[in-house]
Structures are given as C-alpha cells and as structure tokens.
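Position 220 of the sequence shown, counting from 1, maps to 705 under my numbering, and the rest follow consecutively.
Note that these hints are calculated values from the structure, not bench results. Watch out, some of these pointers could steer you wrong.
Restricting the straight-line Cα-Cα distance to at most 27 Å, the calculated cross-link-like pairs of lysine-lysine (DSS-like) are [said to hold, decoys possible]:
hint, residue 1, residue 2
1, K660, K558
2, K753, K775
3, K587, K513
4, K587, K525
Ranges between beta-carbon positions, derived for each pair [claimed, not checked]:
hint, residue 1, residue 2, range
5, S688, R609, 48 to 54 Å
6, D524, K702, 41 to 47 Å
7, T612, K525, 50 to 56 Å
In this text, all values refer to a predicted model and were calculated from it rather than measured experimentally. Ideal placement from N, C-alpha and C gives every residue a C-beta, glycine not left out.
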Amino acid sequence: MSLPNVFFITGTSTGFGRELVLQLNARKEKVIATARNTDKIKDFEQLEHVSIMKLDLNSNEEEIISVVRDALKIHGHVTHLVNNAAYSVAGCVEEVPLAQSKKQFDANYWGTIALTNAFLPHFRGRTSGEKFIATISSLVGITTMPFVSYYCASKFAIEASFEALKLETAHLGIKVLLIEPGYFRTSFLQEGSNIQPPQNPISDYAPISGAMERVFKQQNGAQLGDPAVGSERIIELLTNTGLVKQISNGEIPTRVALGSDSYEGIVKKGQDLIDNANKWKEFSLSTDFKN
C-alpha cells in the first residue's frame with residue numbers, strides 16, 4: 486500500500502510557500518510548514534492538516550539534520566520536499582560585502598543543499614510512496630540581470646546541483662524538479678522584504694542601481710504572475726494532476742518555467758546561446774586534433 490503524501494515546505498511565511506500550505510491544506514494533504522520565525526506562521530496552527538516547525542537555512546548542518554529527524558517523527562515519513570525559502574541582496578557585484586553575499590548563499594544554496602542531503606537517506610531507504618524533491622529556482626537561475634548578481638548566482642548554483650542530482654538519483658526512483666517563476670505578485674519586491682539594499686553604494690554604479698530600483702518599484706504590485714494560480718500549477722506538478730497530467734504523460738521534467746515572462750526569457754536565453762555557439766563554431770572546432 487502506497488504511503489499518503491506528506492509535504493515538507495520551506496519559507497512558508499510569505500509568497501509561494503504560504504499559498505502552497507493553504508492550498509494543500511484545503512486539499513486535505515498533510516503539510517509540515519517551516520519558517521525561520523514561526524511567529525509568522527502561527528496562524529497555520531488552526532489548519533487541520535498542517536504542522537509547523539522552525540527552520541533557519543543559515544543553521545549548521547547538524548541543526549538542519551536535527552530538524553529533519555524531528556519532521557520525520559510527525560507522520561513517520563515525508564514524500565515531498567519543497568525547497569522554497571530564499572532571499573536576495575541587492576547591489577552591483579562590487580557594492581555587496583562578501584560577508585553579506587556569503588550569508589545569502591548559505592541560505593539560498595548551502596542551506597538548501599544541506600536540507601536536501603538530510604532527506605536523501607530517508608528517500609533512498611523507502612520502497613513505497615512518492616520520493617519527490619522540488620526546488621523553486623527562478624527565471625534568473627537561467628538568465629541574469631544586474632544589481633542582483635549574487636541572487637542570480639545562488640539560483641544558477643541550485644540549477645546546476647539539482648540538475649546533476651536528478652541524474653544521480655533517477656535509478657532510485659527519486660523525482661527531482663526545478664521550477665522557475667518569473668515575476669509573481671508576492672511581497673518579494675517590497676522594500677525591506679526579500680531584496681535588501683546595497684550596504685556599500687558606489688556612485689559609478691548609480692545609473693545601474695537607479696534603473697533597477699525603478700524597475701522593482703514599477704513591478705511591485707503589478708507583476709504578471711498570480712501566486713494563487715502559480716501555486717495551483719506547482720501542486721499539479723507535485724501530484725501529476727490537472728494540466729500537468731495532460732502534458733507530461735507521467736514524466737517529470739528537469740525544469741518548468743512559471744509565468745509568461747519566465748517562458749519568454751528562457752526561450753530568448755536558449756536562442757542566444759545557440760546563435761552565439763553557431764557564430765563561433767569555426768573558432769570552437771579549430772582546437773580539435775586534426776587526425
């Protein structure tokens with residue numbers, strides 16, 4: 486008999502994380518919702534199918550392993566790990582102190598890797614039930630933009646590691662999926678929320694920082710993506726239902742764009758890579774042995 490689904494979700498105080506918890510609870514799915522500050526998810530205690538836990542992805546590896554150990558005691562297993570928590574520091578490369586960029590990487594990348602590694606023995610050891618690792622990446626895990634280069638870098642790193650993880654674990658029946666949202670109407674762009682201002686502003690970069698700050702202000706509250714619908718689509722990906730079932734034929738893709746802006750940005754990046762490779766083809770092939 487297959488095990489019932491249990492979803493372990495990081496970063497559930499806002500955005501996709503919060504919406505996923507609410508929608509999964511409405512579907513009577515068991516959820517373990519985590520946040521760095523559990524006061525921000527205290528209202529989840531009123532939800533019938535949701536448990537809450539404190540998880541800070543900047544914690545050391547042993548602390549993260551301990552959280553996973555305690556999470557597995559709640560229902561005896563977890564079927565779906567949803568790596569959602571992340572934040573961004575803003576500033577051009579030279580403007581962001583390395584300590585600040587490393588702290589962001591510790592949460593967005595190393596913390597996510599540590600959490601995934603802590604769940605992998607449980608997934609490898611189970612012979613029934615789903616074994617699904619979904620990670621919320623970003624359009625900027627494929628493309629880049631100025632002023633948030635370290636955020637882009639953390640998402641690029643996530644993309645590389647989880648694409649490799651998919652290849653490493655497919656024979657174990659573990660499903661690995663990267664989800665790449667574009668701009669969604671969450672609190673991510675709100676001043677003082679996820680995007681933190683540069684600590685060492687440099688006047689030479691003012692044209693870049695000023696332009697990007699204006700973009701963020703214009704986008705905030707006017708993003709194309711509907712987080713409720715986006716979360717519904719994510720759940721369909723996690724459960725092979727709805728539109729996903731019609732398209733996928735049961736296969737789990739390596740990555741899926743979420744939002745028209747993400748789709749268009751990724752298609753453009755792909756075409757740019759092909760065009761550049763073809764332009765420089767003669768140069769590239771010239772280094773091969775001629776015999």
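I'd like to know which numbered hints this structure contradicts. Please list them from smallest to largest. 2, 3, 6, 7
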